[in-house]
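Numbering-wise (the working numbering), the sequence shown opens with residue 3 and increments by one.
None of these hints come from the bench; they were simulated from the model. One or more of the hints may lead you astray.
Said to hold, decoys possible - Here are the simulated DSBU-like pairs of lysine-lysine, each with C-alpha atoms no more than 30 Å apart in a straight line:
| hint | residue 1 | residue 2 |
| --- | --- | --- |
| 1 | Lys-118 | Lys-85 |
| 2 | Lys-196 | Lys-35 |
| 3 | Lys-231 | Lys-383 |
| 4 | Lys-282 | Lys-85 |
| 5 | Lys-181 | Lys-118 |
| 6 | Lys-208 | Lys-26 |
| 7 | Lys-208 | Lys-196 |
| 8 | Lys-393 | Lys-118 |
| 9 | Lys-26 | Lys-261 |
| 10 | Lys-52 | Lys-85 |
| 11 | Lys-6 | Lys-52 |
| 12 | Lys-6 | Lys-231 |
| 13 | Lys-118 | Lys-383 |
| 14 | Lys-282 | Lys-6 |
| 15 | Lys-85 | Lys-161 |
| 16 | Lys-118 | Lys-208 |
| 17 | Lys-73 | Lys-52 |
| 18 | Lys-383 | Lys-35 |
| 19 | Lys-161 | Lys-208 |
If you're wondering where the values come from, they're calculated on a predicted model, not measured in any experiment.
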Amino acid sequence: MATKPLKVLFLSQRFLFPMDTGGKIRTGNILAKLKDMVSLTVISNMESPKDDSYLSRMPELCERFIPVPWKETPRYTLKFYLKIAGQSFSRYPIPVLNDFSPQLERAVLAELAGEKYDLAICDFLQSTLNFRRVSDIPTLLFQHNVEATISRRHLEQAKDPVSRIFWGLQYRKMFRHEKSMCRRFHGIIAVSEKDRERMEEWYGAKNVYEIPTGVDTEYYQPLNHAPEKKQLVFTGSMDWLPNEDAMVYFLEKIFPRVKQEEPETSLVIVGRRPTPRLLKLIEGRTDVTITGWVEDTRPYIAESAVYIVPIRIGGGTRMKIYEALAMGKAMVSTTVGAEGLPLAQGEQIFFADDENVFAGRVVSLLRDPALRRIMGETARKYVYEHFRWEKVAEVFSDICYKVAGRQGGASGAAPGRGTASSQTAGKR
3 MATKPLKVLF
13 LSQRFLFPMD
23 TGGKIRTGNI
33 LAKLKDMVSL
43 TVISNMESPK
53 DDSYLSRMPE
63 LCERFIPVPW
73 KETPRYTLKF
83 YLKIAGQSFS
93 RYPIPVLNDF
103 SPQLERAVLA
113 ELAGEKYDLA
123 ICDFLQSTLN
133 FRRVSDIPTL
143 LFQHNVEATI
153 SRRHLEQAKD
163 PVSRIFWGLQ
173 YRKMFRHEKS
183 MCRRFHGIIA
193 VSEKDRERME
203 EWYGAKNVYE
213 IPTGVDTEYY
223 QPLNHAPEKK
233 QLVFTGSMDW
243 LPNEDAMVYF
253 LEKIFPRVKQ
263 EEPETSLVIV
273 GRRPTPRLLK
283 LIEGRTDVTI
293 TGWVEDTRPY
303 IAESAVYIVP
313 IRIGGGTRMK
323 IYEALAMGKA
333 MVSTTVGAEG
343 LPLAQGEQIF
353 FADDENVFAG
363 RVVSLLRDPA
373 LRRIMGETAR
383 KYVYEHFRWE
393 KVAEVFSDIC
403 YKVAGRQGGA
413 SGAAPGRGTA
423 SSQTAGKR
């Protein structure tokens, strides 16, 4: 008699289409493979009419989808800032409060009361208030970042007293909440070895499992028909503060040094919702373009000579790096930007944390097409061999079965923490 597949309820606070953020790309690609390994129901907020056209695509990710009506507060409006001001007095960090929805919490509890599930998964720490009353079922928290790391790095970069006070409070609240959740859930999934070690060391978390970062190597591959320009490219959601900080830092500290050596160099920033601060910074410039949201980032990556990742604030791993490497792009990144990814200096990537060194690496790549080609080919081969989504989903499946206390999973028998299936895959 065939064993019934694991029945899983997966909470995603954000509707997963379009896949235009790193988190949605990672979650969406894993679910697309995982749905063939478990019986998968996804529940998430859905905003009409914005999300309606994507509803027909949800069967790509799950067997059953439960939408919960939701309306996001528009950013950079008076209502948005008043909401943030009010949230500052809560014991919870602002990102966690932003992702809490009473309607979503009720929908999760109603579904668990009406259906028999083997496992409930919460996507992102920010969504955990929606799980606060979930009980009597094994639970798994999918941690795309160690969120306290991001808050701490914001604090380290804060310049004025008000910002330091704000980020100091947010860091302490985030640390406390993250520690509580890491001890409350039956299992935690980290996206890098470094994140796993931090959660074990900082929070005393016991059941932390590690998955590698993946990439769709068929979708992201070199586009040979696109001639390279003397152009730099950065991709990412520009309403995410670490990305905004990266571009402000690059434009103010690094790009002028590049332009001094290579005056014809241009920069294209590809990503949704650029902030007023960033738009003001490039006002009147002809050598910097911000696209806003685009359907497909690949043409912009393909036509650029160098992919840059000047991120100073962050945690987890960056999807954008593997996407660009899969396209055979030469890359310069800070160590924080590529943190958690097993990449070698001078082979698949150049690391640079000093502003002058970063600019120098960029200039050397702009001037040396042969070096760009060699690095790009090496990077593409490495990513293709080790980081396809099929492999990531298999590890994820094994962890689901393990936390649920069931035999099965992609490997046939769920691994324990520290075994080859759950740990080594993230270190290749």
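Each hint tested on the structure:
1. Restraint check for Lys-118 and Lys-85: not satisfied, since their Cα atoms lie roughly 37 Å apart, outside the 30 Å limit.
2. Between Lys-196 and Lys-35 the alpha-carbon distance is near 25 Å, which keeps this suggested pair within the 30 Å criterion.
3. The hinted pair formed by Lys-231 and Lys-383 meets the criterion: a straight-line CA distance of about 23 Å does not exceed 30 Å.
4. Proximity of Lys-282 to Lys-85 is assessed by CA-CA distance (about 24 Å); at most 30 Å being required, the pair is judged to hold.
5. For the proposed pair Lys-181 and Lys-118, the alpha carbon gap of about 29 Å is at most 30 Å, so the pair holds.
6. For the hint linking Lys-208 to Lys-26, the alpha-carbon distance of about 27 Å falls within 30 Å, and the restraint holds.
7. At roughly 15 Å between alpha-carbon atoms, Lys-208 and Lys-196 fall within 30 Å of each other, so this suggested pair holds.
8. The straight-line distance between the Cα atoms of Lys-393 and Lys-118 is roughly 28 Å, inside the 30 Å bound, and the hint therefore holds.
9. Annotation: proposed proximity of Lys-26 to Lys-261 is violated, straight-line Cα distance about 35 Å (limit 30 Å).
10. For the hint pairing Lys-52 with Lys-85, the CA-to-CA distance comes to about 22 Å; that is within 30 Å, so the pair holds.
11. For the proposed pair Lys-6 and Lys-52, the alpha carbon gap of about 37 Å is over 30 Å, so the pair is violated.
12. For the suggested pair Lys-6 and Lys-231, the alpha carbons sit about 54 Å apart, so the restraint of at most 30 Å is broken.
13. Proposed proximity of Lys-118 and Lys-383 is contradicted: the alpha carbons are some 44 Å apart, above 30 Å.
14. Taking the CA atoms of Lys-282 and Lys-6, the gap is about 57 Å. The hint is violated against a cut of 30 Å.
15. For the proposed pair Lys-85 and Lys-161, the alpha carbon gap of about 24 Å is at most 30 Å, so the pair holds.
16. With a C-alpha separation of about 27 Å, the suggested pair Lys-118 and Lys-208 falls inside the 30 Å cut-off, and the hint holds.
17. For the suggested pair Lys-73 and Lys-52, the alpha carbons sit about 10 Å apart, so the restraint of at most 30 Å is met.
18. Taking the CA atoms of Lys-383 and Lys-35, the gap is near 22 Å; set against the 30 Å cutoff, the hint holds.
19. Taking the CA atoms of Lys-161 and Lys-208, the gap is near 36 Å; set against the 30 Å cutoff, the hint is violated.
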